[in-house]
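2 protein chains.
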Amino acid sequence: MERIGFIGLGAMGKPMARNLLKSGFSLTVHNRSRSAVDELAAEGAAPAQSSAEVAKASDIVITMLPDSPDVEAVVLAESGALEGARTGSIIIDMSTISPTVAQRIAEKARAVGVSFLDAPVSGGETGAIAATLSIMVGGDQKAFDRARPVFAALGKTITRIGPSGSGQIAKLCNQVICVLNILAVSEALTLGKKAGLDLDILLQAVSGGAASSWVLSTLGPKMINRDWAPGFKIDLQQKDLRLVEEFAESLNLPLPGATLVRQLFRAVQAEGRGSDGHQTLVRTIERLAALGE
Amino acid sequence: MERIGFIGLGAMGKPMARNLLKSGFSLTVHNRSRSAVDELAAEGAAPAQSSAEVAKASDIVITMLPDSPDVEAVVLAESGALEGARTGSIIIDMSTISPTVAQRIAEKARAVGVSFLDAPVSGGETGAIAATLSIMVGGDQKAFDRARPVFAALGKTITRIGPSGSGQIAKLCNQVICVLNILAVSEALTLGKKAGLDLDILLQAVSGGAASSWVLSTLGPKMINRDWAPGFKIDLQQKDLRLVEEFAESLNLPLPGATLVRQLFRAVQAEGRGSDGHQTLVRTIERLAALGE
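In order, the protein sequences belong to chains Y and B. Per our numbering, the very first residue in the first sequence carries number 2; after that it's consecutive. Per our numbering, the very first residue in the second sequence carries number 2; after that it's consecutive.
Isolated chain Y, as found in the complex (with noise of 0.2 Å):
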């Protein structure tokens, strides 16, 4: 059984280490704070004082961390993985970074005999709990097929996508969908409530058919409940909106709808509201026409 390393014990991280150890691998910890990974020890772990160290005692390193910058430090920084690393061990990202940043990173870690595989995760902190993240690969076949078994203890949808890279594209794509979606829930309830309609009544009569939607099914009864408890925060989803903008304009390729919904949670973030969950984006709408609170 490959020893896994694991960097980044936050929200997402803690739980899906956990999961590994229940699923029996032997594990090694590092995070920058040393709660984490004193709380993973008791249960197991093996704490390590550096990247470099966890990568020294694993055959698989995992990286679970907010932004790219996070990732290239821990990842190519001196201490790093990357200098612990033996050849023909796997470094794979489960961070949401930015795909040309996660390319590069698989360039450099090829170029010392090392696999790299971008793999970002949807289903948030409950997904990662529960074990039933859908996990979005990019990479070589062979590195893919060899950590399977660890991505099967973290998640229940596992696709290989493609090349390095398209992990994190897929990734890019699943969030314009996710945020367009959340504004198409927010203008319909906004528009039924100005008008007086009873919103329950509404979001049943509409659940059946071409409107339906994950968003509509469980942020919709959020948004009516004014549950405003993060699933996934607002400011979580502008960074990720920030790296769908940045690929985007590499790419030359105009976005108009994912732009306008960075522009309103942007007006949440100026509420002061960045911790809310991306449902709040309701509020915003409201606002608009007067009828916030």
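Hints should not be assumed to be uniformly reliable.
A pair holds if it fits inside one copy or across any two, identical chains being indistinguishable in the list.
In silico lysine to any residue, SDA-like type, Cα no more than 25 Å apart, as pairs [stated by the list, open to error]:
| # | residue 1 | residue 2 |
| --- | --- | --- |
| 1 | Lys195 | Gly163 |
| 2 | Lys195 | Ile159 |
| 3 | Lys195 | Glu247 |
| 4 | Lys23 | Ala42 |
| 5 | Lys240 | Gly197 |
| 6 | Lys195 | Arg263 |
| 7 | Lys157 | Gln205 |
| 8 | Lys23 | Ser36 |
| 9 | Lys195 | Arg243 |
| 10 | Lys240 | Arg263 |
| 11 | Lys143 | Asp201 |
Hints are computed from structural coordinates only; laboratory data are not their basis.
Starting from the known structure of chain Y, fit chain B onto it as the hints suggest.
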């Protein structure tokens, strides 16, 4: 059993009238062009020369017409349905028209002792043929209860939304969600295409989670397979978005997303492709990225 009248035997109206015959209702029909009337008459319907004549022979009259002025003319004009309607009868308009016009017609009907229900549908020609339409109804609870067996012969999800006009408002909310979900999938697939992804794999990878929707699973494959045949035509969707815009304006309600899609659909119409299905929006996004055919 109530005697039914049906006015407007177009792509939607003809299969709906046929389903009423199949359910055993006695049916009187009228249509601007004669051929559809003859067709239904051959299947057992009684032909009528005017809307008033249909109403005289019926307890419940259904109209299924392109737009608000058509319904106003057929119901309110000389020799119209209201002229022929008996006290205690019901007129049901199943077209998608302006909520304000629906409310106005309801008032005029009420003044002469006739009930009026607005009952627009979702589900398109396929749903009309299969009797699986979603029907969103505004108007009196009593009239709705009496009309229920008629709706049951035409559709599957039948919801009374509220008072007169609210069926039309719910339909407009439905369309807002539907068109923004189409923009969502169009932008995501174009991003994936320009970045060189295998779109079938992408679609499969994002279908299981937060991006899932009826539009993704039903129209996504058509976009990938370049199938522009209409389930629902751009020209009709634009008519509905005009109704959304007029109604939202009357409420002082800005709908930035729905407005954006309306502008982009206009680009489809500018190409002379207004008869394509609404999934053809993906071509417009592709053309913005110089990926066009």
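Index of numbered hints that the structure contradicts, given in increasing order: Nothing - there is no hint that the structure violates, so all of them hold.
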